[in-house]
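Here the structure of chain D is known, so what remains is to put chain U in place on it, guided by the hints.
Heads up: the sequence lines are chains D and U, in that order.
My numbering applies: residue 1 is where the first sequence begins, and numbers increase by one.
My numbering applies: residue 1 is where the second sequence begins, and numbers increase by one.
Keep in mind that the hints are not guaranteed to be accurate.
For lysine to any residue, the following SDA-like pairs were computed, each having C-alpha atoms within a straight-line distance of at most 25 angstroms [as the list claims (entries may be wrong)]:
no., chain 1, residue 1, chain 2, residue 2
1, D, K169, U, G172
2, U, K169, D, D93
3, D, K169, U, R170
4, D, K169, U, T144
5, U, K32, U, Q220
6, D, K169, D, D297
7, D, K169, U, G149
8, U, K32, U, E22
9, U, K169, D, S203
Over the 12 angstroms line for every Cβ pair with chain D, so calculated as not near, a few chain U residues [said to hold, decoys possible]:
no., residue
10, A35
11, G43
12, P65
13, I99
14, T102
15, K111
16, E114
17, A122
18, A136
19, R138
20, M196
21, V228
22, R258
23, D278
24, S294
25, S328
These are calculated hints, taken from the structure and not from any lab test.
For every residue, glycine included, the Cβ atom is placed at its ideal position computed from N, Cα and C.
Number of protein chains: 2
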Amino acid sequence: MLAHLHIENSRLGSPLSHAHDEHVRAALIRHKFLADRVRITIGWDGDMLDAALATAQFLIAARPPRDNLSARAPGLRWIQTTGAGIDHLLPLDWLPDDIILTNNSGPHGPKCEEFCLMALLALSARLPTLVDQQRARRWSSIFTQPIAGKTCLVIGYGDIGQAAVRAAKRLGLTAIAVSRSGSGAGSSTGPADRLMPTSALDSVLPEADFVVIAAPLTPQTRDLLSRVRLALLRPTAGLVNVARAPLVDYDAMSDMLRGGRLAGAVIDVQDPEPLPADSPLWDVPNLILTPHISCDDPRYVDMLLDAWAANLTRYLAGETLRNVVDRSRGY
Amino acid sequence: MLAHLHIENSRLGSPLSHAHDEHVRAALIRHKFLADRVRITIGWDGDMLDAALATAQFLIAARPPRDNLSARAPGLRWIQTTGAGIDHLLPLDWLPDDIILTNNSGPHGPKCEEFCLMALLALSARLPTLVDQQRARRWSSIFTQPIAGKTCLVIGYGDIGQAAVRAAKRLGLTAIAVSRSGSGAGSSTGPADRLMPTSALDSVLPEADFVVIAAPLTPQTRDLLSRVRLALLRPTAGLVNVARAPLVDYDAMSDMLRGGRLAGAVIDVQDPEPLPADSPLWDVPNLILTPHISCDDPRYVDMLLDAWAANLTRYLAGETLRNVVDRSRGY
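In isolation and in its complexed conformation, chain D is listed as follows:
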């Protein structure tokens, strides 16, 4: 008997992560074993959700249903989220013990590495300031030294953080990574020159020419770059955020950018998104805002289904799945 995979789309979320029939048809062609193993249904904003949950073993969803899940989905064994961050699902007290939760960590790496390359070079060249000058019709040269040899601090050392570190190393920077425990996936420093625990953050912030925020948003990381911590940065430093907005005190950052106590910032994540037209953030000087595009590829759903199919092979073989969320850490 075929297992049942239900894909639940949310129109509230990014269209990039919406799975349509053509995505599924293409995945069935790329992964021929799928047709022998699963039947797939696609729902939108709950239009068929309870009927689907009644029979589904597998669920792919941006925002999985959380109410009374054991009763509504008695056969459900595995939920795959469409995003890498699961901060919007915390705390995980709604998740029955016998359901595995996996996130979509992985496909964001290559694009994120490129975005970080661009953002680091843009900050080094003072592009946020040059763009402001363009708007003010002011031609005033700012000369900067090559970026090689400077120091980049990357906060968070998962999929995104490692991409940021790779970008820094490709530019000849010294890369210091900071993670919760101060140890990497394989307990080595990976591509980073140094790997430190979050507890050492205050001591390394003053060393940084550039800081890239790449940590998951959890109760522990909210306001991680607080006003007090941001004040530890050099006034010549540049800041990049490709993670989640609440990790950084944007009011403090804005004050520093206005006052020349931070040279520039490239910020890809805002709160809320879409950022409202009346947000004061739009006009902050020395700041480039991008609309949450840093780590996303237009082939997003194809890549998600490829990763899910590979994980299904592991599931069917009784192997450990990739990207299983740790319930205690919350990511």
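Using the frame of chain D, we list chain U on its own:
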């Protein structure tokens, strides 16, 4: 007897290229043989020019004197310009046959490579459009595929063009270089995948995802990217100019950027510079303007004096100098 090197500064030119006493003192420390070989004078805007020319064998100048030079500078044998481009000195009919002219090609490479890395990534990520959206307080995601595998056309294959090709190759692009003769410095393609003569330009422009202008400005290259040639580009293409403004028809480029017939541009050179506040270029959509900073390092004068000292060693040994301007080609 010591030879006489006169350095003539022009306050009209970029402060970056102004040689001050401290630059000379530092160069004499770095290159100890200089003190035994040359005495060095520094002038500003002609304040001591004719007295200096009367005895100088060597001249370093942004804008060398061109009137009646044989009579005014009977001992002058070698003029070094402070810039890489010498378009402002053309035609070279003022240059006596027994005076060598060298340009300052070389030190621009590392910075230019970084600028091209940034510009290519920015165009790939549609950053010029995203920056426009920021100014309009509009949050609208634009998702783009990774840059690797796309095609970059680099027009001009000297110091700057080769830096642009290296940048393209570092990003995994296919790099097509175009030079006057279609042959490289060592008659190989260098880092480029293909090297074509300028006569093939019309056939390769439609292949390009990105075009980097890196050619010298001569009577032959003026308006090289004319309205007709620009129309050969794909509407999804992006344009970078790190050479000289008159190589490209900016009116045509602006029309195309406004009309969606060119996706974006990063333009580091304008005409005139500084670009006047009332120029229509400032407001063209999908365009990032930078103030002629792409290839310049704040250590510019130090690097110039280092290169000059190395060339002086060759001169004293009777060897061929580097960066000698070809009088017939004009660069």
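Of the numbered hints stated previously, which ones are contradicted by the structure, given in increasing order?
-> 2, 5, 9, 15, 16, 17, 18, 19, 23, 24
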